[in-house]
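Asker: In my numbering, the protein residues as written are 1 to 380.
One or more hints might be untrue.
Pair by pair, the computed Cβ-Cβ distance ranges are [claimed, not checked]:
hint	residue 1	residue 2	range
1	Glu254	Ser208	57 to 63 angstroms
2	Gln82	Leu104	16 to 22 angstroms
3	Ile363	Gln49	38 to 44 angstroms
4	Ala266	Asp226	37 to 43 angstroms
5	Ala190	Met126	40 to 46 angstroms
In silico DSS-like pairs for lysine-lysine, Cα to Cα no more than 25 angstroms straight-line [said to hold, decoys possible]:
hint	residue 1	residue 2
6	Lys130	Lys268
7	Lys368	Lys37
8	Lys133	Lys98
9	Lys98	Lys130
Hints are computed from structural coordinates only; laboratory data are not their basis. No residue lacks a Cβ here, since even glycine has one placed at the ideal position from N, Cα and C.
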Amino acid sequence: MNARMLSPSLSRLRQLAMLLVAACLLASGSAMAGRIKEIAAIEGVRSNQLTGFGLVIGLDGTGDQTTQMPYTTQGMSNYLQQLGITLPSDVISRLQFKNVAAVLVTAQLPAFARPGQGVDVTVSSMGNAKSLKGGTLISTPLKGADGEIYALAQGNLVIAGAGAAAGGSSVQINHLSAGRIPNGAQIERAVPTPLLEGNSVRLGLDASDFQTARRVAEAINRRFGDGIARALDGRTVDVQAPTDPNARITFLAEMEELPLENSIRAAKVVINSRTGSVVLNQAVTLGPCAIAHGNLAVSISSTPVISQPGPFSSGQTVVTEKANIQIRQEPGVLIQVPASPQLSEVVRALNALGATPQDLLAILQAIKAAGALNAELEVI
Numbered sequence: 001m002n003a004r005m006l007s008p009s010l011s012r013l014r015q016l017a018m019l020l021v022a023a024c025l026l027a028s029g030s031a032m033a034g035r036i037k038e039i040a041a042i043e044g045v046r047s048n049q050l051t052g053f054g055l056v057i058g059l060d061g062t063g064d065q066t067t068q069m070p071y072t073t074q075g076m077s078n079y080l081q082q083l084g085i086t087l088p089s090d091v092i093s094r095l096q097f098k099n100v101a102a103v104l105v106t107a108q109l110p111a112f113a114r115p116g117q118g119v120d121v122t123v124s125s126m127g128n129a130k131s132l133k134g135g136t137l138i139s140t141p142l143k144g145a146d147g148e149i150y151a152l153a154q155g156n157l158v159i160a161g162a163g164a165a166a167g168g169s170s171v172q173i174n175h176l177s178a179g180r181i182p183n184g185a186q187i188e189r190a191v192p193t194p195l196l197e198g199n200s201v202r203l204g205l206d207a208s209d210f211q212t213a214r215r216v217a218e219a220i221n222r223r224f225g226d227g228i229a230r231a232l233d234g235r236t237v238d239v240q241a242p243t244d245p246n247a248r249i250t251f252l253a254e255m256e257e258l259p260l261e262n263s264i265r266a267a268k269v270v271i272n273s274r275t276g277s278v279v280l281n282q283a284v285t286l287g288p289c290a291i292a293h294g295n296l297a298v299s300i301s302s303t304p305v306i307s308q309p310g311p312f313s314s315g316q317t318v319v320t321e322k323a324n325i326q327i328r329q330e331p332g333v334l335i336q337v338p339a340s341p342q343l344s345e346v347v348r349a350l351n352a353l354g355a356t357p358q359d360l361l362a363i364l365q366a367i368k369a370a371g372a373l374n375a376e377l378e379v380i
């Protein structure tokens, strides 16, 4: 007999309630902004993405199947030509580089990085290599979005996984097709930054909020004098800064450490419609409302029915199924939710509903439509 129950279990509800409380506590811890550097960044001070095509050699027969991955053969041929080794095209087409794998190499070029410094790189297989464990990345140029080379990567890969196969059976732990090389790339070119240009710098807030932009400008003006900072919009604050490089760096270092008192982020409820996760920040409040919620349970069971023909009747055995469908709807209880000015009270009121996360998504949207949820709903 096959049966499928479409109603949530009590243990599942308890686990999800505990997860909701933990998420809310984590969110409330970061709602109060402490310093300017925690909610804003200086425009122009940023990292840049680098990427390049490379080859990993020295594999123990776990490389690409070059008959299916022609770019591995082409890449190896180009590398050999750079070393002064030229092979006929018909010979190259017959080569089997079982110890070579084509990879994509990625890295982040941090702000103010200078030539000669090292950065970590991530190496990922782009073919059908079984494992990159034990491989060595040969010299790979890393380019930026403008097509210029900013770093060269090379070194031995560090693979966290392990695997073994024999007799048609295989065991694998973690991922074998990607790894890292600590300090595997050396910077060859610096990226110019506009930090020291002009008479001012601009702060970009992590989130658009007019109140936060105003308070950032006020905090800077209280410390350095009126007119030093002004909010241009809900996300940008323009700050007058010294032109001398050393004085500007000192000014920015002190400015980033300025505290923001009683600065609370905008009230927001973030809903993940795929996983059912709900996260609320400290500023979320509830107005008084009444909610009725009931669960619908559908039980479907099927029983096989076998019809056996009589002896010597030349009949055939027929198998059918008898389905039994039951629908049970639990009565909805009208719950009065009082005004909840604090996050702990909001969580307590939502837990009292006893709803699943998917039901909670619909309930929160209905509360928002009724005007009782003082927060912005964001679905990701």
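Asker: So which of those numbered hints doesn't the model satisfy?
Answerer: As far as the earlier hints go, 1, 4, 5, 6 and 7 are violated by this structure, in ascending order.
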